[in-house]
Amino acid sequence: MKTWTKILLYTLCTAFALIVVLPFLMMILGSVKNARESALFGLDLPTEYAWDNYGKVLSKASVIRGFLNTIFISLATVILTDIAAAMAAFVIQRRPGRASRVSYYLLLVGLVMPVSIIPTIKLMMSLGIHNSYSGLILYFTAVNLSFAVFLIAGFMGSVPKELDEAAIVEGSSYTRLFFKIILPLLKTVIVTNTIITVLAVWDDFFGPFYLVSNSKKWTIVMSMYTFVSQYQTNWGLVFAFMMLMILPMLLMYFFLQRFIIEGITAGSVKG
Amino acid sequence: MLKKSRTFLGLVLAIALGLPGSVAAEKVTLTFVIPNTTNTTAYEQIFAAYKAKTGAEVEIQALPPGEDYGRLLLTRFNTGDYPDLFEMDPGTKQYTKFRGDETLFDWAKDPILSRLTASTREFQTLGGHVYGIAWGSTGAYGVYYNKAVFKALGKAPPANYAEFLDIAKAAKAAGYIPIYEAAKTGWPLQVFSLIGWPSYVDPAIGDTGVQKLERNQLRLNQIPELKNLLARQYDLSKKGFYQDSFLAGTYEEQQELFGQGRVAMVAQIPVFISAMEQKFGKQFVTDNLGWFPLPSDKGKGVATLSPASQILVPRLGKNVKAATDLVRFMTEKANVDILYKTIPGIPVYNDAAVALYPAQEDVLACVKEGRAKINMQNRLSSSLTDYPKILQALLMDGDVDKALATLDENYRKTGKARVLPGF
Amino acid sequence: MTRNKRGNYPYAFLIPALAIFGILFLAPTLTGFYYSLTDWNINKKGINFIGLQNFRELFADHKLIAAFWHTIVYSISVTVLRNLAGLALALMLNESLKLKNLFRTVFFLPYVISPIVIGYLFTAIYNPGHGLINVALRAIGLGALAGDWLNDPALALASTIMVDVWRTSGFAMVIYLAGLQAIPVELYESASIDGSRYWTTFGRIVFPLIAPSLTINLVLSLIGTMKVFVMILVLTNGGPGYTTEVLNTYIMSAFSLGLYGQGTAANILLIAVIMLICFPVLTFLQKREVAL
Chain X
1 MKTWTKILLY TLCTAFALIV VLPFLMMILG SVKNARESAL FGLDLPTEYA WDNYGKVLSK
61 ASVIRGFLNT IFISLATVIL TDIAAAMAAF VIQRRPGRAS RVSYYLLLVG LVMPVSIIPT
121 IKLMMSLGIH NSYSGLILYF TAVNLSFAVF LIAGFMGSVP KELDEAAIVE GSSYTRLFFK
181 IILPLLKTVI VTNTIITVLA VWDDFFGPFY LVSNSKKWTI VMSMYTFVSQ YQTNWGLVFA
241 FMMLMILPML LMYFFLQRFI IEGITAGSVK G
Chain F
1001 MLKKSRTFLG LVLAIALGLP GSVAAEKVTL TFVIPNTTNT TAYEQIFAAY KAKTGAEVEI
1061 QALPPGEDYG RLLLTRFNTG DYPDLFEMDP GTKQYTKFRG DETLFDWAKD PILSRLTAST
1121 REFQTLGGHV YGIAWGSTGA YGVYYNKAVF KALGKAPPAN YAEFLDIAKA AKAAGYIPIY
1181 EAAKTGWPLQ VFSLIGWPSY VDPAIGDTGV QKLERNQLRL NQIPELKNLL ARQYDLSKKG
1241 FYQDSFLAGT YEEQQELFGQ GRVAMVAQIP VFISAMEQKF GKQFVTDNLG WFPLPSDKGK
1301 GVATLSPASQ ILVPRLGKNV KAATDLVRFM TEKANVDILY KTIPGIPVYN DAAVALYPAQ
1361 EDVLACVKEG RAKINMQNRL SSSLTDYPKI LQALLMDGDV DKALATLDEN YRKTGKARVL
1421 PGF
Chain S
2001 MTRNKRGNYP YAFLIPALAI FGILFLAPTL TGFYYSLTDW NINKKGINFI GLQNFRELFA
2061 DHKLIAAFWH TIVYSISVTV LRNLAGLALA LMLNESLKLK NLFRTVFFLP YVISPIVIGY
2121 LFTAIYNPGH GLINVALRAI GLGALAGDWL NDPALALAST IMVDVWRTSG FAMVIYLAGL
2181 QAIPVELYES ASIDGSRYWT TFGRIVFPLI APSLTINLVL SLIGTMKVFV MILVLTNGGP
2241 GYTTEVLNTY IMSAFSLGLY GQGTAANILL IAVIMLICFP VLTFLQKREV AL
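Note that the protein sequences, when read in sequence, are chains X, F and S.
Under my numbering, the first residue of the first sequence is numbered 1, with each subsequent residue one higher.
Under my numbering, the first residue of the second sequence is numbered 1001, with each subsequent residue one higher.
Under my numbering, the first residue of the third sequence is numbered 2001, with each subsequent residue one higher.
Please keep in mind that the hints were generated in silico from the structure rather than gathered at the bench.
C-beta: ideal position from N, C-alpha, C; glycine also.
Some clues are possibly wrong.
So, partial list: chain X residues that the calculated Cβ filter (under 10 Å) puts toward chain S [claimed, not checked]:
hint : residue
1    : Ala-86
2    : Tyr-139
3    : Leu-186
Straight-line C-alpha distance at most 20 Å; calculated SDA-like pairs for lysine to any residue [claimed, not checked]:
hint : chain 1 : residue 1 : chain 2 : residue 2
4    : S       : Lys-2100  : X       : Thr-3
5    : X       : Lys-217   : F       : Pro-1064
6    : F       : Lys-1169  : F       : Leu-1236
7    : S       : Lys-2100  : X       : Lys-217
8    : X       : Lys-216   : X       : Gly-128
9    : X       : Lys-2     : S       : Tyr-2188
10   : F       : Lys-1413  : S       : Val-2135
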């Protein structure tokens, strides 16, 4: 390839990379500036480092509570989603038939259809799970099942059916087959799905906003929403809060990006 | 089964984690819900005193303000998840909103009512029931101005609307921002027409007119004086009396620039005094913060009073006795004085000791002269829904008829949704 | 032991997923259709059937009409721009540059950040006085172009669109990259032997072969962007006025007022819009895939 083309490409890529990185840089710097300086949204270094911004943010009970709630809820959702989706994908992929087909298409509806959140509230109220952790967890599971099944079913094809047959011949039950043999082999796609589910729960605004009116059970997104509406004049605090919120995501991304990107590409190529 | 065992597990965990002090089941913790824009200093002091006296904890839960606040509370009511007590906007329309007859504790005939001023008692009574205890002070919406800026301009509070416009013109010429409008924040935009209402609309339609509005026998877009008022607001923007790029204006910047002496006037609500005190100090408010009502074409204008907020106690809550005890404690003289020390205003309690700011004294003077009326929003059971957005649109395109039509439509739609008589 | 060739994989395994999904997703969607025809309202105790009245009121409400159009404009704009950017980035990265993985990591990064954080971040970036955008424009002498990105009614919607494009182009890129990398190298080689120039190769060989990636990206993008909510809520809250209202912010304001019947009706409208736009697009693209 011609050199000038290469230079052009590098320049363009660097330019785009800057467009991505600079806003984050501003946020990182802003998170340790005091109120006056952070409101200037500059890329310069702070004149005095306001490390206590982080301390101040963490001292608000609603912040810690938001994190704890989110961690608890996303963990529970992940476990429920992974298991239910893997079980369903297992049967759907291995036992083609009307029941499997219908189930699969029903679940795919969830990929397209937006959540009917207001009737969901009514349903949860009548089931007595409105405004509760279990309600929120079940809701998140329901919403994430479609993509999970889609992803895992796509991956199932690469797990050899011979393994199943071998286990059955040896007299194993399907349950044992699934939990002892198949599930471990699904590790890669389960990790991808876990990451995607955690991201979905972490970012979700609909669930906590509409389904939980007790502020003690709110997730971190709602904590941020109420925090900013109260402290919006102190951008230093706001940026610090934002940093705390995205830190888990960033860590997960840097260590596990292979899974995320491969998972998405695998899903798309198999389509 | 799974749910029960999960709840049980959670309970065990909670107890095992040993939340400090939660040893005995007799320990009462009351939840007190407030909008997160409330200044909590007074509450914190009073609740600390209450804890010292009775051992009961009061936990403040702060929810987002505005429409969301009412909705979140209503949703909690609908699911039986009642807070022990909560703060709410003034007036009896909250009683209807929260279906007070079924859900709220009735204070009628309770000795606590003798602590309140007669007009407040009357304002909080609906059909013989009193579901809310006033908490706070009466203040006035109005034009708050910077006395130092006025002095520099050689101007005094206007005697009529023409003079008001003159002041704005002079301020602009001298390089000040004549009027700062927090258009992006939204809610401050309403203040102009609300303070104009008693000076322009009330004289035209009278109390009977307002009663007709209340019962949907008169429509907002049938009131030419209201149309005129909105046209005046648009006119202010056209004449350049607002700050540049006013659509980006925020409440925070408004306070900041006003305190720095760059702004001559703002149309604001009583909490502005408190906000300025927090940001720029008591001395600033005493020396530099002035107030006057929006003048009419012919005179100095009528003050728009905003009644005190109220505290309501759901009678279907779990700790009704403790909650009502707390309210009685809060309304004792010592604690009411703490309230007025941190948030001064015209008191609604009979024996409160309050030191008013000059701006507030001016309001009191208007009241004594009989030039005061309660904010029209508190006189009507339906609401001016989406008013801030309607005004934003008005300032963008100047279509007063469309703004008025939308306002009327929303008002009636809300009335219908709240099942108010006549809608 | 005789066994069915397919194997008696237990259908019972489908139950957890179907139960949760059915009860907490499908059931509300279906009951939503019913509720949209009622006067369900937080202030009323009973729920009464009122036919199509909610829909009539919706279409008479110019706030809803605005939300409707904005949703469509937003969705199509973000989809087109995101895919152009994603494809461009993928093509660049496909040219086996050094640092390719680093660039890929960076470009995908915004996608893992919460939309709410990105929303608040960009209220700072778009700040007319100090925000990075206007500062940068002034620094290179284009200060005249500096505008009030989020508060100028003419610019607000476009500004929100650009934030979404910034956030998700990396995602589109990753899918295109996968599609590009699936193209056998021999095809490139035979094309260059023929003396084809880059863009001819692209048009004749590359573009048709990445049809599956295109389908997925377009459909996912259309569906996802029609459901936009948090980003707009935080950037502009539907303002100034109604200029950035979308269907989900409209549903939220209906909900805040306790107008549940109307909110549900607006949700049905959203479902209808998604179906009406996505199915034709999906069918068209899939037919194209087959044909190619």
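Hint by hint, here is what the structure shows:
1. Interface restraint check for Ala-86(X): the shortest CB-CB distance to chain S comes to about 9 Å, inside 10 Å, so the restraint holds.
2. For the restraint placing Tyr-139(X) at the interface with chain S, the shortest Cβ-Cβ distance is roughly 6 Å, inside the 10 Å limit, so the hint holds.
3. At about 14 Å, the closest approach between the beta carbon of Leu-186(X) and any beta carbon in chain S exceeds 10 Å, and the interface hint on this residue is violated.
4. This hinted pair checks out: Lys-2100(S) and Thr-3(X) have alpha carbons roughly 17 Å apart, not beyond 20 Å.
5. About 15 Å separates the Cα atoms of Lys-217(X) and Pro-1064(F), which keeps this hinted pair within 20 Å; it holds.
6. Restraint check for Lys-1169(F) and Leu-1236(F): satisfied, since their Cα atoms lie roughly 10 Å apart, inside the 20 Å limit.
7. For the given pair, Lys-2100(S) sits about 43 Å from Lys-217(X) by alpha-carbon distance, which is inconsistent with the 20 Å threshold.
8. A hinted pair counts as satisfied when its Cα atoms are at most 20 Å apart, and Lys-216(X) with Gly-128(X) qualifies at roughly 18 Å.
9. In summary, the hint linking Lys-2(X) to Tyr-2188(S) is supported, as the alpha carbons are separated by about 17 Å, within the 20 Å threshold.
10. At most 20 Å may separate the alpha-carbon atoms for a hinted pair to count; Lys-1413(F) and Val-2135(S) exceed this at roughly 45 Å.
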